[in-house]
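Student: Listed below, chain by chain, are the residues.
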Amino acid sequence: MAERLIEVKDLKVQFATEDGTVKAVDGVSFELQRGQVLGIVGESGSGKSVTAMTLLGLTRDKNTRFEGEVLYKGRDVLQMNEGDLQDVRGNEMSMIFQDPMTSLNPVYTIGAQICEAIQVHERADKNTARRRAIDLLKQVGIPNADSRVDNYPHEFSGGMRQRAMIAMALACNPDVLIADEPTTALDVTIQAQIIELIDRLKDEFNSAVILITHDLGVVADVANEIVVMYAGRVVERAPTRQLFYDPQHPYTWGLLGSIPRLDRPKQERLHSIKGTPPSLINAPAGCKFRPRCPHAFAKCTEEPPLENRVEQPGHLDRCWLSVEDKRRLREPTLAGTEEAA
Amino acid sequence: MPVFWLGLIARYLFAQGHPFALLPDGEYVPLTSNPWQWFVHLLMPWWVLAVLFIGFYGRVLRSNILDTINEDYVRTAKAKGLAANRVLMKHVLRNSLIPIVTLFGLDFAAVVGGSAILTETVFNLHGVGQYAAESTQNLDLPPIMGVTIYATFFIVFFSVVVDFLYAWLDPRIRPT
Numbered sequence: 001m002a003e004r005l006i007e008v009k010d011l012k013v014q015f016a017t018e019d020g021t022v023k024a025v026d027g028v029s030f031e032l033q034r035g036q037v038l039g040i041v042g043e044s045g046s047g048k049s050v051t052a053m054t055l056l057g058l059t060r061d062k063n064t065r066f067e068g069e070v071l072y073k074g075r076d077v078l079q080m081n082e083g084d085l086q087d088v089r090g091n092e093m094s095m096i097f098q099d100p101m102t103s104l105n106p107v108y109t110i111g112a113q114i115c116e117a118i119q120v121h122e123r124a125d126k127n128t129a130r131r132r133a134i135d136l137l138k139q140v141g142i143p144n145a146d147s148r149v150d151n152y153p154h155e156f157s158g159g160m161r162q163r164a165m166i167a168m169a170l171a172c173n174p175d176v177l178i179a180d181e182p183t184t185a186l187d188v189t190i191q192a193q194i195i196e197l198i199d200r201l202k203d204e205f206n207s208a209v210i211l212i213t214h215d216l217g218v219v220a221d222v223a224n225e226i227v228v229m230y231a232g233r234v235v236e237r238a239p240t241r242q243l244f245y246d247p248q249h250p251y252t253w254g255l256l257g258s259i260p261r262l263d264r265p266k267q268e269r270l271h272s273i274k275g276t277p278p279s280l281i282n283a284p285a286g287c288k289f290r291p292r293c294p295h296a297f298a299k300c301t302e303e304p305p306l307e308n309r310v311e312q313p314g315h316l317d318r319c320w321l322s323v324e325d326k327r328r329l330r331e332p333t334l335a336g337t338e339e340a341a
Numbered sequence: 342m343p344v345f346w347l348g349l350i351a352r353y354l355f356a357q358g359h360p361f362a363l364l365p366d367g368e369y370v371p372l373t374s375n376p377w378q379w380f381v382h383l384l385m386p387w388w389v390l391a392v393l394f395i396g397f398y399g400r401v402l403r404s405n406i407l408d409t410i411n412e413d414y415v416r417t418a419k420a421k422g423l424a425a426n427r428v429l430m431k432h433v434l435r436n437s438l439i440p441i442v443t444l445f446g447l448d449f450a451a452v453v454g455g456s457a458i459l460t461e462t463v464f465n466l467h468g469v470g471q472y473a474a475e476s477t478q479n480l481d482l483p484p485i486m487g488v489t490i491y492a493t494f495f496i497v498f499f500s501v502v503v504d505f506l507y508a509w510l511d512p513r514i515r516p517t
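Chains as they are written, first to last, in the working numbering: chain C, 1 to 341; chain V, 342 to 517.
One or more of the hints may lead you astray.
To be verified - If you only want the chain C side, here are some residues facing chain V, beta carbon under 7 Å, derived:
| id | residue |
| --- | --- |
| 1 | L56 |
| 2 | Y152 |
| 3 | A296 |
Claimed, not checked - Chain V is nowhere near these chain C residues, computed Cβ spacing over 10 Å in every case:
| id | residue |
| --- | --- |
| 4 | S44 |
| 5 | R65 |
| 6 | P106 |
| 7 | R131 |
| 8 | H154 |
| 9 | H214 |
| 10 | A220 |
| 11 | D246 |
| 12 | S322 |
These are calculated hints, taken from the structure and not from any lab test.
No residue lacks a Cβ here, since even glycine has one placed at the ideal position from N, Cα and C.
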């Protein structure tokens with residue numbers, strides 16, 4: 001049994017704003033073992049980034065309220081004081097952000113920013129830190145790392161900056177690497193390289209990865225388990241193969257159906273899920289996906305629990321439809337011949 | 342806050358003995374004749390000028406810092422595990438300083454070039470500003486031209502200094 005690094009139990013994150021309380025994350029649970037890749041998938045505003053940032057305590061604010069537990073090796077991150085949290089950040093858990101263009105400080109060299117991460121957590125003198133930074137840059141595939149280490153972020157391309165971000169995140173050999181949409185701002189050819197890089201380094205550094213994305217295609221190859229989030233809740237959670245071959249929640253069908261496929265007949269229009277995600281201030285009662293769901297029926301005004309409904313254990317979903325109905329109804333949506341909603 | 346008011350209050354409190362008489366009351370001592378007296382005599386004018394500007398600079402810096410603090414790289418710095426102070430001093434401040442440098446360069450050049458005329462008058466320092474004002478009243482053309490060229494020189498000079506400071510603060514501006 002692999003070592004359990006992270007266990008999130010019924011996490012709720014709420015932001016008090018002028019317009020009301022935003023329930024950004026509303027009862028999310030998952031766990032992560034060493035060596036695993038967990039994919040968190042969902043639309044913008046589904047709470048996936050907030051979940052990720054909460055793992056590092058980056059959402060702390062006087063207007064934020066937390067409930068539930070975020071256990072890292074048995075210690076609750078939500079209860080830690082700032083000092084302990086600073087020891088965890090970057091050292092044991094580190095994070096790669098979405099936009100490498102703005103996530104690096106423009107006024108310091110790449111090397112200086114990587115060295116900073118090393119020197120904060122380890123007693124390393126400047127030269128050792130610098131040599132480590134060069135090694136890291138080589139590991140993430142930056143050519144001429146010896147001279148590139150003294151470049152500024154604006155002298156790097158987008159893909160290289162994201163590599164540099166990864167190098168920085170790995171600087172202290174963290175146990176958990178949280179990648180928050182690491183490929184969203186990059187072009188498609190670079191995307192695959194970056195994901196592959198993260199997957200390879202995960203094995204080299206013996207860590208675990210939480211990969212957040214809105215593109216199921218990105219996580220398909222690397223994730224062991226996928227959590228699908230909608231409006232701050234987990235609507236489906238399953239091992240990757242299960243999720244792709246036997247998706248249970250209509251929202252997951254919509255996500256799968258919206259991936260353009262070359263092996264299916266060409267459609268006139270690219271398929272999409274109709275409507276927009278609900279407001280997190282006044283979320284609809286009952287199933288949060290009900291207003292957009294074409295298969296909604298009377299019972300959906302009641303919130304379905306997240307539970308195992310299919311034969312395979314470990315495959316949880318939040319939908320009242322019977323498993324037979326789901327398997328029948330999902331076909332046109334998955335094929336992309338019918339709008340999901 | 343007008344300088345003639347603040348200057349007079351400062352003189353009343355610190356030079357004329359209500360409640361302290363720590364500093365000399367106005368007048369100027371040349372640096373070459375007595376450096377210590379030069380310093381002591383200028384302490385109050387310096388302080389008064391600084392107080393006049395500090396509120397404005399504080400407000401501009403504050404708004405710059407509030408802009409910068411929401412940048413993604415500040416979040417990155419926090420995620421690296423840096424202490425809040427260090428994030429602020431190292432990652433936020435440097436990026437917030439650029440507009441301050443512009444303001445400071447121009448203000449400093451103007452003060453050196455004679456625009457501190459009210460301060461000069463209050464503290465009875467016969468400086469460039471007063472000289473320019475007197476010449477204007479007497480329609481004495483050569484000194485006016487001299488003072489203008491003198492002021493222009495400092496404006497240009499400090500603009501150049503500011504440009505170099507920019508490049509030092511922000512590597513994106515440096516020529517490649």
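Student: Taking the hints in turn, state whether each one holds.
Tutor: Status of the hints after comparison with the structure:
1. For C:L56, the interface hint holds, since its Cβ comes within 7 Å of a Cβ in chain V; the closest pair sits about 6 Å apart.
2. Taking 7 Å as the C-beta contact cut-off toward chain V, the hint placing C:Y152 at the interface holds, the least distance being around 5 Å.
3. The interface hint given for C:A296 is broken, as the beta carbon of that residue sits about 38 Å from the closest beta carbon of chain V, more than 7 Å.
4. With a closest Cβ-Cβ approach of about 16 Å to chain V, C:S44 is found to remain outside the 10 Å limit, as its non-interface label requires.
5. The Cβ of C:R65 sits about 20 Å from the closest Cβ of chain V, beyond the 10 Å cut-off, so the non-interface label holds.
6. Interface exclusion of C:P106 from chain V breaks down, the closest Cβ pair being 6 Å apart, not more than 10 Å.
7. A cut-off of 10 Å between C-beta atoms confirms that C:R131 is not in contact with chain V; the least separation is 19 Å.
8. Not every beta carbon of chain V lies more than 10 Å from that of C:H154, the smallest distance being close to 5 Å; the non-interface claim is violated.
9. The non-interface label for C:H214 is consistent with chain V: the shortest C-beta to C-beta separation is roughly 18 Å, beyond 10 Å.
10. With a least beta-carbon separation of about 27 Å from chain V, C:A220 lies farther than 10 Å from that chain, consistent with its non-interface assignment.
11. No beta-carbon of chain V is positioned within 10 Å of the beta-carbon of C:D246; the least distance is around 36 Å.
12. Separation of C:S322 from chain V is adequate, the least Cβ-Cβ distance of about 44 Å exceeding the 10 Å criterion.
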